[in-house]
Amino acid sequence: MKLMKKSGASTASSPVPGLLGKAIGRRTFLQGTGLAVGGVTVAGMLPTTMVKKAKAARRVDPNAEIRRVKTVCGHCSVGCSTIAEVQNGVWIGQEPAFESPINLGAHCAKGAALRNHGHSARRVKYPMKLTNGRWQRMSWEDAINEIGDKLLQIREESGPDAVWFAGSSKANNEGAYLQRKFAAFWGSNNCDHQARICHSTTVAGVANTWGYGAQTNSYNDINKSKCIVMCGSNAAEAHPVAMQMILRSKEGGAKLIVLDPRFTRTAAHSDVYVRFRSGTDVPLIWGILWHVFDNGWEDTEYIRQRVWRMDRIRDEVMSNWPPEEVERVTGVGREALYEVARMMAENRPATFVWCMGGTQHTIGSNYVRAYNCLQLALGNIGVEGGGANIFRGHDNVQGATDIGPNPDNLPGYYPISEAGWQHWCRVWDVDYEWLQARFDQNEYDDGRGGTIKPMNTGGITVSRWIDGVLEQKENIAQKDNIRAVMFWGHAPNSQTRGPEMKRAMEMLDLLVVIDPYPTVSAVLHDRRDNTYLLPAATQYEQAGSVTASNRSIQWREQVVEPLYEHKSDSEIAYRLANKLGFAEEMFKHIEVRDNKPVPESILREINRGAWSIGYTGQSPERLKEHMANQGHFDVVSLKAEGGPLDGETYCLPWPCYGTPEIKHPGTHVLYDTSKHVMEGGGNFRANFGTEYEGENLLAEDSWSKGAEIQGGYPQFDSELLKQLGWWDDLTDEEKRLAEGRSWTTDLSGGIIRVAMKHGCHPFGNAKARAYVWNFPDPVPLHREPLYTPRYDLVSDYPTYEDRKVFYRLPTRWKSVQARDYSREFPLIHTSGRLVEYEGGGEETRSNPWLAELKQDMFVEINPADANDAGVRDGQMVWLEGPEGGRIRIKAMVTRRVGRGTVFTPFHFGGHFEGEDLLSKYPDGSAPYVRGDSTNTATTYGYDAVTMMQETKTTLCRVVPA
Amino acid sequence: MPTKAMLALVATMSLFLLIACGSDVTIYEAGVYKGKHDETATEEAAQRRQDQLRDRAMTGMTDR
Amino acid sequence: MARMKFLCDAERCIECQACVTACKNEHEVPWGVNRRRVIVMNDGRPGEKSVSVACMHCTDAPCAAVCPVDCFYTTADGIVLHDKDLCIGCGYCFYACPFGAPQYPRQTAFGVRGKMDKCTFCAGGPEVAHSEAELTKYGTNRIAEGKLPLCAEMCATKALLAGDGDIVADIYRKRVMRRGGRPQTWGWQAAYGQDA
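Protein chains in written order, with the numbering used here: chain A, 4 to 964; chain B, 11 to 74; chain C, 265 to 460.
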């Protein structure tokens with residue numbers, strides 16, 4: 004087997020020269036040198052396993068049947084379908100799913116390399132624990148028993164809140180839902196997942212502005228845009244297949260504008276690129292809006308009908324942000340922003356796309372609302388081709404946000420107040436008092452002068468769990484410090500403040516990692532005992548539903564049986580719940596076969612409870628029928644034309660209101676008044692009452708097509724139905740369940756059915772709020788980052804006061820900003836994604852087809868800064884952060900970043916401050932590529948609404964290593 | 011005589027050798043493929059798959 | 265008769281490397297060998313462009329012209345293939361190829377040249393189609409199954425096109441027409457002025 008053999012022990016070679024091997028661009032910069040340096044370890048570990056596995060995976064039997072299984076890529080939120088060819092239980096081939104209207108067969112590097120998951124040798128193969136600093140294999144039974152006993156002991160001593168766990172945006176909806184339910188039945192809100200550090204500021208910002216915390220339109224709908232504005236989004240690397248729609252739209256005449264501190268690969272395809280100082284999005288957007296107002300380009304009629312208090316925004320923009328001041332703060336001149344404003348005004352509808360560049364900031368929720376205000380001013384929300392096209396991160400981060408392990412709400416965004424818990428207790432068919440007794444009964448400081456029970460207060464977030472361990476016990480608003488942590492599908496190196504995390508991990512009484520790969524959690528610390536690795540199955544080893552960024556809920560079939568001793572998330576939840584003594588209640592109405600909860604059965608339970616966001620119409624049967632008929636859906640409208648699903652939208656994007664039987668078609672574009680509610684139409688949500696300070700909050704002279712109430716109206720409940728004389732449209736059975744309920748808590752779905760029958764939206768019809776009174780800054784304000792290079796601006800734009808209790812923890816703003824670091828640490832340090840890797844990167848760095856392409860952690864540095872620091876291209880450097888963390892990485896000198904800014908990717912791990920942690924991994928499970936994690940050098944800083952971490956604007960210095 | 015006989019023998023042999031150099035003798039031809047036959051490279055094989063490949067391109071390469 | 269061709273639309277290529285990993289996935293090409301690569305010009309600067317490059321399956325292939333053992337042949341639909349059993353790994357084709365397509369996997373720790381390896385347009389080689397021998401020496405044979413190269417079939421933006429040259433040209437021409445016949449990336453005006 005010639006080809007395979009040649010991958011032998013000699014791969015530490017320099018690449019073949021010539022066009023295909025010549026050093027041009029970022030790839031080869033890393034590749035050429037990488038093979039010489041990083042390749043040594045690669046050569047040592049790669050060949051034998053890869054060759055054997057490759058052979059094993061490819062023994063194709065000409066006589067055996069090949070099964071074609073459709074699944075959905077598990078990397079980003081675009082939701083690309085793929086077809087797996089399976090023979091004798093082995094994943095032998097991967098074929099494009101041309102019929103999917105989302106990707107039309109396309110993939111990025113990660114999606115095109117999925118098959119490796121089917122035979123990867125780099126996994127955690129069986130349960131393991133650290134015994135005196137060495138990994139030892141153990142059985143599942145022993146692992147569950149030991150972990151369970153320790154959890155129960157900690158609960159006994161310190162209460163349920165001493166256990167904290169990270170669930171996963173990479174779990175299917177069913178797994179993520181069970182993770183939240185697991186925390187609830189354990190008796191704590193101390194659970195969280197990747198959404199916190201991904202789009203939490205988006206969810207809070209947009210939900211508080213107009214209703215739902217989700218992308219309003221879709222990737223496909225961008226085909227209808229006339230102008231595409233991308234701010235802090237590098238789709239070419241983070242959501243590559245989305246670029247298919249963006250470039251198609253551009254070919255049709257749409258203008259592409261990219262606003263970013265870094266000249267990204269997305270910017271390389273733009274019509275207009277604006278570079279600005281990282282951390283100044285609010286002034287940047289106000290700078291654009293200034294020209295909009297100055298030229299009268301705002302949509303006054305739309306604002307009158309559908310937006311509340313735009314005048315307050317106008318006052319802030321026109322009084323405080325004239326072009327000169329915008330230039331002083333952002334570095335962008337008058338003409339550039341005039342051009343952006345003009346282009347948006349002349350090319351309507353414009354869509355606005357943002358990602359982590361706009362969310363991961365100490366005032367991320369202000370950025371998000373500034374984007375919203377710009378779009379509302381131009382009348383671009385609730386229209387096809389417009390919208391806030393928020394590209395989510397992980398494959399199921401939208402679903403996990405909707406119904407998964409959030410510390411501050413319940414599935415379907417039901418509040419953690421008594422009303423919310425009561426609702427879910429009815430759905431779960433458990434006694435509310437029983438569940439309540441599972442929680443700590445004491446009351447703690449609520450941060451507003453009162454006290455509150457842990458059951459009703461948001462748990463500690465994934466961005467701050469380390470402070471739950473490190474903070475003085477008396478400063479934490481719960482019974483005790485966090486003593487046990489379970490990372491259930493979450494990489495730790497995506498969170499900031501690495502050195503403190505190492506310390507926190509070492510202080511824990513118990514650390515459990517549940518993941519297909521060991522992750523950095525297995526190696527970062529110097530623990531010797533009480534540390535467990537449990538092998539969790541990948542998305543391809545279990546069936547279930549997954550919510551793409553556009554809210555379409557696709558169904559994954561199981562491709563192969565779990566490799567080695569891996570188990571699905573739901574099976575692990577079941578086994579743990581069993582050990583901890585609440586499986587009977589937790590799985591009361593969920594079918595379990597041979598310790599495996601049935602995914603369809605879990606989804607039906609979600610369908611029975613998540614009325615508030617319309618996760619109720621998507622029965623497993625409907626979803627499977629959509630997956631089987633993908634070819635019937637139009638690529639632009641996502642609507643089925645003809646066939647059994649005529650008129651339905653692809654995979655029933657939520658809200659898909661009511662029961663599956665009433666056949667709501669799903670909602671392609673949110674808040675679109677040009678369509679009937681039963682065709683996916685809508686309007687802004689009436690979620691904040693009907694008036695505020697004497698002003699009307701409901702819509703004026705605007706309603707969705709066919710609505711019998713022509714004007715604004717509140718959310719529906721049994722009283723409103725009676726007032727309207729529609730009560731008798733309910734059946735007797737519906738009446739019984741609906742009496743005294745609102746549309747979100749009526750388990751019959753009758754209120755929703757009747758409201759929609761009359762063309763009305765169950766969640767009411769209100770104005771979007773430009774002014775969000777319940778946020779720290781009702782009008783979005785600029786505040787300088789905690790670590791700012793422009794300390795001279797701090798007096799004009801100071802950050803917030805410190806708070807004593809915020810998500811149970813003391814949280815600092817002003818006391819951090821009090822010191823000027825800009826002299827010692829003169830460079831802005833920003834971070835982001837690479838196309839080959841995802842998240843903490845363990846999974847993708849363990850895939851040789853991907854790992855080969857990016858072998859070194861690096862920092863992009865402008866030639867001027869490189870010369871100032873005495874650094875040459877390709878040289879090893881230390882990047883040092885102001886809180887003491889430092890990383891040893893390779894310098895890449897490039898004009899992609901402007902002078903004064905450096906960029907690092909955040910997917911690397913497995914080194915700590917220059918030291919390779921290879922020896923700490925369980926044998927044979929280390930990823931092929933390791934490197935220092937950017938978050939070893941990142942700093943403190945959290946959003947004042949959601950506890951989002953700051954990863955995009957901090958400071959650093961770079962010195963030769 | 012022996013000389014004659016020798017000549018005759020040589021002539022016969024030469025003739026025989028010349029005859030042996032028939033059209034099937036390998037003479038090196040530069041630029042002509044010397045490897046194994048590939049059944050799927052033939053005109054017939056290409057004809058057979060042509061329509062299938064065209065359909066595949068129309069499905070997979072176009073924007074739909 | 266159709267002639268198979270690749271075409272990479274630089275306006276659409278986003279350097280995402282899907283073509284590279286699709287190739288690795290399909291043929292299990294080992295670490296260090298790249299039948300296909302993405303090349304970037306002006307990396308990180310205005311005018312940044314990328315294209316995906318592999319063997320271009322030349323009609324008058326220079327590799328075949330210089331090969332001392334004549335191991336190259338062209339299929340009836342224009343795919344350039346070679347016989348690895350005949351190949352001596354001399355590297356002469358590498359001198360001749362304008363694209364640097366031929367690769368030489370190392371066979372031992374001391375860097376002795378192995379037999380040449382290159383893109384097959386997913387058409388295997390001179391072994392029985394779908395046999396173990398074909399799979400291990402050349403990779404899969406999609407063409408024999410009526411499928412096109414996986415790199416193009418999986419391209420994120422449909423930048424990389426593969427198939428009968430006439431069809432590929434037709435798809436590309438329509439796209440160019442739709443664009444108004446000129447490149448659309450930032451830096452064009454900066455480089456050539458607004459009227460360009």
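If you are wondering where the hints come from, they were derived from the structure by calculation, not from laboratory data.
All of these numbers come straight from a predicted model, not from anything done at the bench.
Treat the hints with caution; some may be incorrect.
Listed next, the in silico BS3-like pairs over lysine-lysine satisfying Cα-Cα at most 27 Å (straight line) [claimed, not checked]: (1) K227(A) <-> K313(C); (2) K229(A) <-> K438(C); (3) K229(A) <-> K313(C); (4) K269(C) <-> K227(A); (5) K642(A) <-> K627(A); (6) K438(C) <-> K269(C).
Status of the hints after comparison with the structure:
1. The suggested pairing of K227(A) with K313(C) holds, with an alpha-carbon distance near 26 Å, which does not exceed 27 Å.
2. For the given pair, K229(A) sits about 20 Å from K438(C) by alpha-carbon distance, which is consistent with the 27 Å threshold.
3. The hinted pair formed by K229(A) and K313(C) meets the criterion: a straight-line CA distance of about 24 Å does not exceed 27 Å.
4. Of the pairs offered as hints, the one joining K269(C) and K227(A) is violated, with about 32 Å between alpha carbons and a cut-off of 27 Å exceeded.
5. A distance of roughly 16 Å separates the Cα atoms of K642(A) and K627(A); the hinted pair therefore holds under the 27 Å criterion.
6. Distance hint between K438(C) and K269(C) is fulfilled; the C-alpha atoms sit about 17 Å from each other, no more than 27 Å.
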